[in-house]
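First residue of the sequence shown? That's 1 in my numbering, and the numbers climb one at a time after it.
If you're looking for bench data, these hints aren't it; they were derived computationally from the structure.
Small disclaimer: the values here were computed from a predicted structure and weren't measured.
Hints should not be assumed to be uniformly reliable.
As the list claims (entries may be wrong) - No more than 20 angstroms apart at the CA atoms, straight line, and that leaves these computed lysine to aspartate or glutamate pairs for EDC-like:
hint, residue 1, residue 2
1, Lys595, Glu512
2, Lys221, Glu512
3, Lys195, Glu342
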Amino acid sequence: MPLNRRKFLEKSAVTGAGVALAGAVGAPAAEAAQASGAQKGQKPAKRYSFTVMGTTDLHGNIFNWDYFKDTEYTDAKGNAKGLARVSTLVNQVRAEKGRRNTLLIDAGDTIQGTPLTYYYAKVDPITAKGGPVHPMAAAMNAIGYDAVALGNHEFNYGIETLRKFEDQCHFPLLGANALDAKTLKPAFPPYFIKKICPPGLPPVKVAVLGLTNPGIAIWDKAYVEGKLVFPGLEEQAAKWVPKLRSMGADVVVVSAHSGSSGTSSYGDQLPYIENSSALVAQQVPGIDAILVGHAHTEIAELLVTNEKTGKTVVLSEPLCYAQRLSLFDFELVFAKGRWTVESVKATVRDSKTVADDPKITKLLKDDHDIVVEYVNQVVGTATQTLTTVEARYKDAPIIDLITKVQEDVVKAALAGTEYAALPVIAQASPFSRTSEIPAGDVTIRDLSSLYVYDNTLVAKLLTGAQIRAYLEYSAQYFVQTAADAVVDVEKLTNANSRPDYNYDYVSGLSYEIDIAQAAGSRIKNLTYGGAALDDAQQFVFAVNNYRANGGGAFPHVASATELWAESTEIRTRIAEWVTAKGVLDPADFASVDWKLTRNGTPVF
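Using the sequences and the hints, build the whole thing.
What follows is the structure, encoded as structure tokens:
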């Protein structure tokens, strides 16, 4: 058990795997006031107000910096990001409300997402003997987080890295539905309780229940299978919320790494819903507010009526990457011997309205500078500029680079095995719309911007028929467009809100995607080696682990026989390939494998 986790558990004032900090300080935000409409002679009602602040999906963003472009971060809306900005917002709120009247929590996805987090997981890992303190732990400790829910990306680097990060944090990592696979007991603290003691008023117990995403069982199967299981959020909330109330919790806040849409990206592969925060609010009595994460959307305030009590539950999701800070403002009244939540209001504050906190800048600048130097290392030379600008709707050489690297790695891995003679094909997605590898010097950051996720490589065995079905599913990404309609590339893709990362190229084949046809009947002239694809032919499919484990709910691939897998990131394999070549020349990897058509006529 990590020392930090043990420390929190030993301080627990109740039985179970939760965390309770008794006697936390607090002062009333407003003095006891005369109750509204009170009759003459009645004693004034005791009232108290406090604020819960929340962030989510920080993904390793400490500074307002784009490591892939080597410059200050900016977007079309003028947003700013990073914990250094959030720290300034938090300081403002604490000054306004009184620090003792605030809590600060997070809804997960903390230690993955930028070259900064990759560096301290893989290049100079926190798990090494005498290794560094993770910059996210250092920043969040300094800011003074009270509790953080586990996100799915917390598991991307394996349980050892996560446990080391947990040990470095001065706050608990919560996961009521992250259970030990053998005992089915919580593998992380399910909850955190803060006892606020306003002078002259009865103490207030605020409980934070942490819930993570069931999809971890799919997305990080290689790390968690046989070790951890992740039941549904609704089920576990229904188990723990009554316990928290029975333990005297006056306020229950849920920090959930789960969106509010009620949908799942993995189809029916799991019996649990991926984005179930609103369902938790609707189905589980006793919750006052939910900090929502995972979906990378901004929801200032969402009101959900609990179907059993009729009570309104307030949800808020701050924009990812520390671009926003959610505030839940609670008003409590003391009656019949206990505190009751009278009202909750949620708002968000914007990181672009403030400057970085110089305390965080001073604390983490050296770590940041080390990573900037690392990502600017030159590893090769490109003969021409390669870009993803048109990669969503045209076969772009820059995506062919990914599939070529994956093919080569898998071929080498299977050499000498019974599968060595089978053809190897590969998938890749246009993750970014702005990646560019410039002509001339190629750096690690250029290549990292091409593959922004920490995915690893897997080899699966598929038939021609299964590949055809896979391509048909992928082609649902395009909006059906009549043969005589004007093509607007801004409206051509992302049908049914499918994200770019769930559209796949497949290399080694030739095919057309007829967007005039209905989804399911779009793949035309599918050939391999110049002949019509044989449905019975076997292929080795080089695929990232997210897709191999069912991410995106593509057909057949998750259940297909696995031939080989590794833990080295595809991003690293791309850098190794370019370094070995020295020269990045499209002639070595680019080919036109697919094109969009309408009734046989090319769109472009």
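The hints, checked one at a time:
As the CA atoms of lysine 595 and glutamate 512 are separated by approximately 5 angstroms, the hinted pair is consistent with the 20 angstroms bound. The straight-line distance between the Cα atoms of lysine 221 and glutamate 512 is roughly 33 angstroms, outside the 20 angstroms bound, and the hint therefore fails. Only pairs whose Cα atoms come within 20 angstroms are accepted, and lysine 195 paired with glutamate 342 is accepted, the gap being roughly 19 angstroms.
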